[in-house]
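One letter stands for each residue in the lines below.
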Amino acid sequence: MAERKTESQDAILNAIDAGLVVLDRHGRIVRWNAWMVSASGKSAKEVRGKSLAQVFPDVDLERVVTATTAALESGASTLLTQVLHPRLFPLKTRAGRDLLHDVTICTVGDPPDAECLIHIADVTMATLRDGYLRDRQNARYDAVVESAPDVILTLDGDAVVRYANPAAALQFGHTAKELVGQNAAILFESQTAWTDIWHGLRKGDKSRQPVELLARRKDGSMSYLEVSAARWQVDSRVFVTAILRDVNERRAAEEALRSSEAQAHAAADALADLNATLEQRVQERTEKLMEAEEALRQSQKMEAIGQLTGGIAHDFNNLLQGINGALDMVQKRIAAGRIGDIDRFVQGAIASANRASALTHRLLAFSRRQPVNPRPLDTNHLIGTMEELLRRTIGEKLRMEIVGANDLWLVRCDANQLENALLNLAINARDAMPEGGTLTLATSNMVLDASQALVRDVKPGEYVRLTIKDTGIGMADDVQARAFDPFYTTKPIGQGTGLGLSMIYGFVRQSEGSVRIESEVGEGTTIEICLPRFIGDLVPDVSDQGDGAAERQTLDNEVVLVVEDEDVVRLLVVEVLNDLGYLALEAVDGSSALRILQSSQRIDLLATDLGLPDINGRQVADTARTKRPNLKVLFMTGYAEKAAGSTFLGDGMEIISKPFTMDNLAVKIREMIER
Amino acid sequence: MKKTPTHTELSELELDALTELVNLGISQAAHRLAKMVKEEVVLSVPKVTLVGQKEAIKILGERESKNMVAVHQIFEGEITGRALLIFPEANSLELVRAVIGRDLSIEEIIELEQEALAETGNVILNGCLATIANLLHRNLKISLPEVLRGESAEFFNLKPPPEAGDTVMFIYINFAVRQRNIEGYIAMLMDMPSMATLKVLLGEFIRRTTGASTS
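Those protein sequence lines, which keep their order, are chains R and Y. Residue numbers are given in my numbering: position 588 of the first sequence equals residue 588, and the series is strictly consecutive. Just add 1000 to wherever you are in the second sequence, counting from 1, and you've got my numbering.
Chain Y with its partners taken away, still in its complex shape:
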C-alpha cells in the first residue's frame, strides 16, 4: 500500500480485515434489501480503498458524469463520520425502479425517487454500518437518511467543514436487482481520531478472529 501522510495507514492485514467487514456488512444490507423488495438482491464489493478527500473527489470526478445523487447518513460513537451511498443520477432512477418493482411512468418515479432512494440508501447504509459496528463490538448512533444531489466535490465538502486529514473509505459496490445492474459507491468519511480508533478496533477484530480460529 502506498504511504501517504495525509491519512492513517492500515496494514495489508488490516485492510483485508476491513474489506471482509465491509463485505459482511454489504451482504447483510443485500439481505435486508431483498426482504424489502421481495426479490433476490446481489450486492458485491469489488474493491475497498482508503484515499484522501481530494483523491476521492478526483476519483469520482473522473469516473462519473457531473450529476450524482447521494444518500447521506451520519454515524456517531467511538468512530464518527459521514456515510454516503453515491450513484450517478441515471443509475439512481434505475435503482428506484428496481426497488419499487411496479411499472411506473417516469413522472411517477421522479416523484417517488426522493423517498424511495432515501429508504433504499438507508437500508444499505444501515446494514453496512450496523454490521461493521457489531463485528467490531462497538455501538454507533446512525442518523436518518438525507438525499443529496450535486457533484462529487460537494459531497466531500459538507458542513461543518471536515477536519484536516479526513480519510475516505471508498467502497465500490455493484447491485443486481431484478435483472438490472447498477454501479455505485459507498464512501465513509472519517477524521484522524476515528481512523486511529478504526485501526485499533480492526486489530482487536483480527486478534479475535485469528484467536478463535486457532483455539
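Chain R with its partners taken away, still in its complex shape:
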C-alpha cells in the first residue's frame, strides 16, 4: 500500500512542471522529480541520499542551507528569487539554455518529523520577456538620456534622486552614485524657487514653463540651470523627471545685454532728468524774464519820461508864461478900461492852457500802468496825438516831418506799446543826430508778397508800414545784427538799458508784425515796422476826441447830480450841463450827495469827484447803488493810474481824467446817459 502510495505521489510530482526536491530532516535528498532530472541532468537515483552540496559541489548554497535549516527547525518558509540569487542552481532548459528560476523552501509536516520541500519555478520566459521588453523600451530612452548634454534626474515622490545621467555628474561634480539617494534640494542654491517648482509638480501642474534656478556644485561654485520637469506615475508611486539645462553662457550674454541696456537706460534717464531740469529752468527763467520785461517796460517808459522832463518843464514854463502873460494883459486892459481886444489874449491863454493840458494828459496816459490791450488803431491818429510829445522829445535842433498816408488801413495792437515804441525810436533817432538833422515819420499801406513776407518772417498779406527815419550817424552791420538783442546798447552806461529795441521787437512780433533796420554808417537809419491790417471798425475812444466836439442839442430833462468840492469846477460842470439841457443838481461833499441820492429824486447820472473831503466818490457811488443799482456813475479824477485799476470800475461806471475840456465832458455824459 505504502509502496503504491509513494508511486502515485511520484507520478504526481513528476507530472508537475516545476522542480520539486524533498529533503529529510538531515538534509538528505529523498525526492527528486522528473523536472529536476531534466533541468539538472542528474537522475533521481544518482542524487538520492545525498545532500544538495554533494549534488552541486561548485555552487554556493549557504542561503539554501540556511533556509532548509529554518524550515526544518522553525517551520519557516523562504523565498529565494532569481533577482537576488541569479542561477542559484546550475539548471538548463530542455533546449540547453540557462534556466532562470525562483526557489521557495518550506516545511512539510510537523517537527521533529518534518521534511523540507524545495520548489523551483522556471521564470526564464517571464524574465527574458521582461528584460527584452525593458531593453527595447529603454534602448532609445537610454541613448537619449545617457548622451544628453542636459542634466536628467529622476526623483521619487520625496524629491530623492533615483537616477542621475552622466551629464549630471559633469554638471554638479557629484558622481551619479553620490547623487542617488540624496534629496534634490541639496543641489539648489535658490531653495524657495526649487520648493515652488517641486510643490507645483507634486500637485500635478502641467505645462510649466522652464524655470531658471541657481544650483550649487560640489566644489561650491554656482551654476544657472533652467529646470523643466514632468511628473509620472507607476502604480501609486510618483516620480518626477527633471531636465536641467546649463544656461550660464546664455545668462552671461543676457547679463551683458542687461547691463548695457541698464547703462543706456540710466543715460537716457539722466538725459531726461537733465531735460526736465533744463525745461524747468527755462520755464523759471522765462517767467522771471517776463516779470523783468514787464518791470522794464514800465521803467523804460519812465526812463523816456525822465529824458523828456527837462524839455517838457521848459515847454511848460513857456505855456504858463503864455497863460500868465495873456491874463496879465487881460487884467491890465480891464484896469485900463480897454476891453475891446481882450478876447485875443483870452484866446491865447486858452490855447496855451489847452496845449499844456494835452501835454500832461499824454504824459499821464503814457506813464500809466496798463495791461496789454490790443484794439483797432488808426496809426496816423496815434502819431498825431504824439506829435507834441515827440517834438518836445527831439528838441529844437531837429526837424520832424510826418508823412501820413491817406486812407491808411487800421491795425490792431496795444496803443500804449505802439506809443512807447514811437517814443523810444524818436529818442534813439535824436541821439543818433547830435549835430542835428531830420526825423521823418511816415506811414503807408503795403501789400507784402511771398518774398517780401519771407524777408520779414511774416505771412504774406496787407500791412500798415510805419517808418522812422533819421539822418544820423547810422549803424555798422554788427551793431545792426545785434540791435534787437536784449541789453545790447551802444549808449554810455546810465543812458539806456539796451532794452528799447528788443521790447519793440517783442511787441511787434506779438502783434504778428515785423520790425527791420536799414542803416549805413554816416547815412542814417530807417526803422520799419509792419503791422498786419485790421479789417473792421474803429472803436471810438472818447478821451481821445479832439477839441470841437459836437454841439449838444437840448434834450429831455435828464437829471445829473454833480458832486465836487472845488467850487469853480462844480460851477463849470453845472454850467455845461445846463447848457446841454440837463437838469443839474449840486452837492459839495459825499454826505450831502448821499442825502439826495437816498431821496426819491430822479437821477440819471452821478458825476462825482473821487477825492471828496468826507467820504470819497467811490463810497458815495457804492452806497448810492445799494438803493439805485443801475445808477450810472462818472468819476472825475486827476489820478488816472489809481482809477484805471481793473477792478475799480463796475458796469455803468466810467472815468474822466482831469483836466478835461467841457466838450469832452459833454460828449462823455451824453454817451453815458444815452447808452
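A portion of the hints provided could be inaccurate.
Said to hold, decoys possible - Now the stretches of chain Y that chain R is said to cover, found in silico as 3 or more residues with beta-carbon under 8 Å: (1) 1031-1042; (2) 1053-1062; (3) 1107-1117; (4) 1122-1129; (5) 1132-1141.
Unchecked claim - Residues of chain R placed beyond 12 Å of chain Y at every Cβ, according to the derived structure: (6) Gly-395; (7) Asn-416; (8) Ala-476; (9) Val-574.
Said to hold, decoys possible - Sample of chain Y residues at the chain R side, in silico, Cβ under 10 Å: (10) Lys-1047; (11) Gln-1073; (12) Phe-1075; (13) Thr-1080; (14) Ala-1176.
In short, the hints are calculated from the structure, not lab data. Note that the Cβ used here is the ideal one computed from N, Cα and C, for glycine as well.
Given chain R, work out where chain Y should sit, using these hints.
Okay, now just chain Y, sitting in the frame of chain R:
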C-alpha cells in the same frame, strides 16, 4: 506601563524579555541579510511597544507619509498572527537598492522591487520569528512573503477580519546597509489567546534564563 483593557498586559519584566527576544531575532536576521548581500548589515531595535490595533494605525499615520510598503507573512502555531515589515515607499526603494548592490536604473529597481523586497522582508521576518520561536521552544509555521502597498490602516485591517482585542507588537527598526540608513517597522498582530500564550511562554523563558544564570 499603561493599563489598557484592550490588550493583554505584559509586566515590565516580560516586556524586557520580549525586547531581548526581538533583539536576538533581529540580529539573527541582520546576520542572514549580511550573508545574502555580502556586506555588513546593522539592524537595531530602538523600541518595542505593545499597542492596540487603532493605536498602531494612528502611530504609523502620524509618523509616516501615506504610501507604505509592507512584506506580510503569517505565522501559525501556539501563537498565531501576522507579521509585517513596513517601510515608507521611498525607503523601500533604498532598501532594494542597498540589497541588490548593483548600479541600477530607477526603472530596473522598480521592476525588481517587488521580488527583492519580498525576499529581503522574508529574510528579516523569518530571522526574527524563527529566532523568537526557537528561544521560546516552540514551533511556528511561517508562510511565504507577500508584498502589500497602501496606507497603514489597510495593513492592520487585513481579511479575514481580526478578532476583537487584537494586539500589535510594534517594533521600530533601523537598518544600515551599504552606508544607507533605512528606518522601518515590524508589526506583529496577534489575537488575545496568542497574547496570553506569549505571556506564558515569556514567563517560561524568564524562568529558564534566570534559572540558568542562578545555577
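Verification of the hints:
With 3 residues having a beta carbon nearer than 8 Å to a beta carbon of chain R, the stretch 1031-1042 of chain Y meets the requirement of three or more and the stated coverage holds. Check on the stretch 1053-1062 of chain Y: 0 of its residues sit with their Cβ under 8 Å from a Cβ of chain R, so the three-residue criterion for coverage is violated. A stretch counts as covered by a chain when three or more of its residues have a beta carbon under 8 Å from one of that chain; for the stretch 1107-1117 of chain Y and chain R the count is 8, and the coverage holds. Counting residues of the stretch 1122-1129 of chain Y whose CB falls under 8 Å from any CB of chain R gives 4; the rule of at least 3 is met.
A count of 5 residues in the stretch 1132-1141 of chain Y with a Cβ less than 8 Å from any Cβ of chain R is obtained; the coverage claim is therefore met, three being the minimum. Distance check for Gly-395 (chain R) against chain Y: the nearest CB is about 114 Å away, which clears 12 Å, and the non-interface claim stands. Separation of Asn-416 (chain R) from chain Y is adequate, the least Cβ-Cβ distance of about 96 Å exceeding the 12 Å criterion. No Cβ of chain Y comes within 12 Å of the Cβ of Ala-476 (chain R); the nearest lies about 99 Å off, and the non-interface call holds.
Residue-level check passed: Val-574 (chain R) sits 118 Å from the nearest beta carbon of chain Y, beyond 12 Å. Here the hint on Lys-1047 (chain Y) is broken, as its CB sits about 24 Å from the closest CB of chain R, past 10 Å. Hint status for Gln-1073 (chain Y): holds, given a least beta-carbon distance of 8 Å to chain R, under 10 Å. The beta carbon of Phe-1075 (chain Y) comes within 8 Å of a beta carbon in chain R, closer than 10 Å, and the hint placing it at the interface holds.
At about 12 Å, the closest approach between the beta carbon of Thr-1080 (chain Y) and any beta carbon in chain R exceeds 10 Å, and the interface hint on this residue is violated. Using the Cβ-Cβ criterion of 10 Å, the hint placing Ala-1176 (chain Y) at the interface with chain R is not satisfied: the shortest such distance is roughly 13 Å.
Hint violations for this structure: numbers 2, 10, 13 and 14, all remaining hints satisfied.
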